[in-house]
Every structure is written in C-alpha cells, then in structure tokens.
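Mind assembling these two chains? They're in different frames, but the hints should get you there.
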Amino acid sequence: QQPVQSPQAVILREGEDAVINCSSSKALYSVHWYRQKHGEAPVFLMILLKGGEQKGHEKISASFNEKKQQSSLYLTASQLSYSGTYFCGTRSGGSNYKLTFGKGTLLTVNP
Amino acid sequence: DSGVTQTPKHLITATGQRVTLRCSPRSGDLSVYWYQQSLDQGLQFLIQYYNGEERAKGNILERFSAQQFPDLHSELNLSSLELGDSALYFCASSASGVAKNIQYFGAGTRLSVL
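If you're matching them up, the sequences are chains A and X in order. Residues 1 to 111 (this note's numbering) are what the first sequence spells out, left to right. Residues 112 to 225 (this note's numbering) are what the second sequence spells out, left to right.
The set of hints was computed from the structure by calculation and includes no laboratory data. Among these hints, one or two may not hold up.
[Said to hold, decoys possible] Residues on chain X that point at chain A, a partial pick, calculated with CB under 7 Å:
| no. | residue |
| --- | --- |
| 1 | Gly153 |
| 2 | Leu154 |
| 3 | Phe156 |
| 4 | Gln159 |
| 5 | Gly163 |
| 6 | Ala167 |
| 7 | Phe180 |
| 8 | Asn212 |
| 9 | Gly219 |
| 10 | Leu222 |
[Said to hold, decoys possible] With beta-carbon atoms standing in for the labels, derived distance ranges:
| no. | chain 1 | residue 1 | chain 2 | residue 2 | range |
| --- | --- | --- | --- | --- | --- |
| 11 | X | Gly163 | A | Gln2 | 44 to 54 Å |
| 12 | A | Gln2 | X | Leu172 | 36 to 46 Å |
| 13 | A | Ala77 | X | Arg174 | 21 to 31 Å |
| 14 | X | Ala206 | A | Lys68 | 28 to 38 Å |
| 15 | A | Gly93 | X | Asn188 | 25 to 35 Å |
| 16 | X | Leu172 | A | Glu16 | 34 to 44 Å |
| 17 | X | Asp112 | A | Glu14 | 41 to 51 Å |
Backbone N, C-alpha and C define an ideal beta-carbon position, used for all residues, glycine too.
Here chain X stands alone, though its shape is the one from the complex (with noise of 0.2 Å):
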C-alpha cells in the first residue's frame, strides 16, 4: 500500500458527461501528480500541484482541470468526455524539497466512457 488514496476505483459513464476523480496524497506529502494511461500511449503526465499551487502541466486537455485543497487532497476534473478520454488515471505524491523526490502512486480510477 503506498499510502495514496483515489476514489472511485471504477467509473462508467457517457459521453459528454463531466466527472470528478479524487485523490488524497500520502500523509505528509505537499506535491501531487496526475497521469493518464492508456494502452497506446503509456503514463502521460498531465498537471502537478504542490501545496495548492499549479507547479507544472503537461498533455493536458483543455476540458481537464484540476486543483488541490488546503487539505492536500487533489481532484481531477474532466468534462465533456469523449470516447477517447477512457483510461487508467493516476495520483501520485511525493516529500517536497527532497531531492531524490519519489513519487508513490494510488491504486488508479478506471474511467470507462460508454
């Protein structure tokens, strides 16, 4: 167990629906990052926050956002969803100013878009 929580495990939906994945960093942990992983293309990194600050951004799509609470704990919006946007979508977090700075990664949503 790596300490990092994601809700829902599963999520079916249709398309041109919106949905909101969940993650709750490991305790401790300022920086949160999320991936996409589809068969074809691998772990893309979409967007990181750290402390509730946007930190970097990656392949993201305009009709994904995200953002983290004063909690830590960190959604992923996405909206409008087409076909295409079905996959695995992970959460990591990592230690801040550590320069090793490991990322631990939550068990994932799979997200199904009928």
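So here's chain A without its partners, still in its complex pose (with noise of 0.2 Å):
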C-alpha cells in the first residue's frame, strides 16, 4: 500500500524551515527520503529503521515513529538547493527490499 505524504506542495522562503510527513497504513521495517529535482534521479538522503531512530544530515534531519507509522522529514533554515520533490518510500520487511512510494512532496524555496 502506498504511503500517504503531506502536503503536497509548500512554498518556502530561504531560511525558513519545513516538515514533510509520511504515513504508511502497514507496519514498516524502514522509510527511505530522497530528494528529487525535476527530469533527474532522484537522490538518497536518510533512511530510518524501525525502533524510532532520528537520523540527521546537514540541516535535514528525520524521526521515525514505529507506533503511528510514520516519519517526519524536518528542513531547517532551508536554502535554494532544497527545492525539488521529496518522496518517502517505505519497507515492511521481508526478503524482497523493495520500496514503495509515496506521490511526492513538492517543495520550492524561494529567495
């Protein structure tokens, strides 16, 4: 089942901060972030494993909460370069790895 990202789309202006939710109806191993800017890859930014980890990197940084299935993704006195769509994909365990992914989170900092 595909996760649910919310909103869908935020405006930013440099230096303000943001949070991007994921929420999954089934019970997840891992939630993988990546950031993808338009026309190409999308890019690895963080992975949270279940046990409620919270994950940093830079000014981006991610919870995990194992009992509501969800994560946040929180940017933080964000910049120009952060513009792009966020995607969540989630992992419910197994022998597979495959992912599944949220519809995407589109954010555009503006100066």
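Shown next, in the form of structure tokens:
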C-alpha cells in the first residue's frame, strides 16, 4: 500500500523551516527519504529503521514513529538548493527489499 | 554520480514497437530494481532482481519483461508499446545482506512513444 505524504506542496522563503510527513497503514521496517530535482534521478537523503531512530544530515533530519507508522522529514533554515520533490519510500520487511514510494511533496524555496 | 549507469538517456519510438533499456548497477551490488515514473503516478516499482533471479514483482505489465545477466547488468524489455508507456524509467541498485539496503538510482531513460 502506497504511503501518504503531506503536504503535497510547500513554498518557502530561504531560511524558513518545513516539515514533510509520511504515513503508512502497514507496519514498517524502514523509511527511506529521497529528493528529486526535475528530470533527474532521486537522490538518497537518509534512512530510518524501526526503533524510532532520528537521523540527521546537515540541516535535514528525520524521525520515525514506529507506533504510528509515521515518518517526518525536517528541513531547517532552508536553502535554494533544497528545492525539489521529496519522496518517502517504505519497506515492510521480508526478503525482497522493495520500496513503495509516496506521491511526493514538491518543495519550492524562493529567495 | 550514483555509480548506476542507464542507457540510453532518451528513446523515441512509435506505438507497437519494442525497446530495450539497459542498466549497470554499482560495483558489487547484487540487487537491481526497475521503476516507472509518470507525471500522475509517481515512482512505481516494477520488478527486482537479485543475483540473476527475480525477487519481487510490482505493477509490471505482461508486455514488459526484465532479466539480470551473469555480469549483473539488467535489461528491461518493453513491447507492443502504447502512448501511455511514455515515462521516465529508473533503475536502482543496492548491496545485499545489509539491513539498511539503500537503493541508488541511475539517471533514468526517458521514453517517448509517439
């Protein structure tokens, strides 16, 4: 089942913060976050494993609430380079490792 | 550069035709995944191969098939093409036996069916 991302789109000014949410109706083993610029490949940002881990990557961090099967991506002090579509991909375990992606959140950072 | 190579970058063909998309995974990665991305559907998982064997199947049409060769490169074959098959096709690869299993994506093949 496809995870649900919210919001669908967000517009920020440089320096502002944003939160992107990803929720699933299935029990999750891991959540993977990617950013994709228009016409380019999705680029891996970070992975959250079950256990409620919070990972950070410079000014981008994420959390995973195992009880609620929800993950949130936090972007602080946004930069122009953060613009793009953010996807969460979820894995429910098992041996196939396939990811099911949400429909994405379009983030636009303006000067 | 993710280390995953896809060819060709662009492909323009006509309805009813057949095309082959090629993917070379990162060095050492045994798993290859194929995804289709169209405007209204987002990233749709098609199929996964692991060390030459099919491991998982997603929403892959019967007109589509894939294989992974002994040198670990993979090909996605699309036949009897329809206008709706126009999309970006991505290949990703990951290492095996690792809990985190991070998938790294190639630059994609943009298919236009006219």
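Hints and how they fare:
1. Gly153: With a closest approach of 4 Å, the Gly153 of chain X hint holds.
2. Leu154: holds, 4 Å
3. Phe156: It holds, given that the least Cβ distance between Phe156 of chain X and chain A is near 5 Å, below 7 Å.
4. Gln159: holds, 6 Å
5. Gly163: violated, 15 Å
6. Ala167: holds, 3 Å
7. Phe180: Violated - the Cβ of Phe180 of chain X stays beyond 7 Å from chain A, reaching only about 20 Å at its closest.
8. Asn212: holds, 5 Å
9. Gly219: OK, holds: Gly219 of chain X within 7 Å of chain A, min 6 Å.
10. Leu222: violated, 14 Å
11. X:Gly163 with A:Gln2: 44 to 54 Å: violated, 29 Å
12. A:Gln2 with X:Leu172: 36 to 46 Å: Given a distance of about 18 Å, which is not inside 36 to 46 Å, the answer is violated.
13. A:Ala77 with X:Arg174: 21 to 31 Å: violated, 48 Å
14. X:Ala206 with A:Lys68: 28 to 38 Å: Taking Cβ atoms as reference, Ala206 of chain X and Lys68 of chain A lie about 30 Å apart, which means the hint holds.
15. A:Gly93 with X:Asn188: 25 to 35 Å: Between Gly93 of chain A and Asn188 of chain X, where Cβ atoms are some 30 Å apart, the hint holds.
16. X:Leu172 with A:Glu16: 34 to 44 Å: holds, 42 Å
17. X:Asp112 with A:Glu14: 41 to 51 Å: For Asp112 of chain X and Glu14 of chain A the Cβ distance comes to about 27 Å; the hint is violated.
Of the hints listed earlier, those the structure fails to meet are numbers 5, 7, 10, 11, 12, 13, 17, in rising order.
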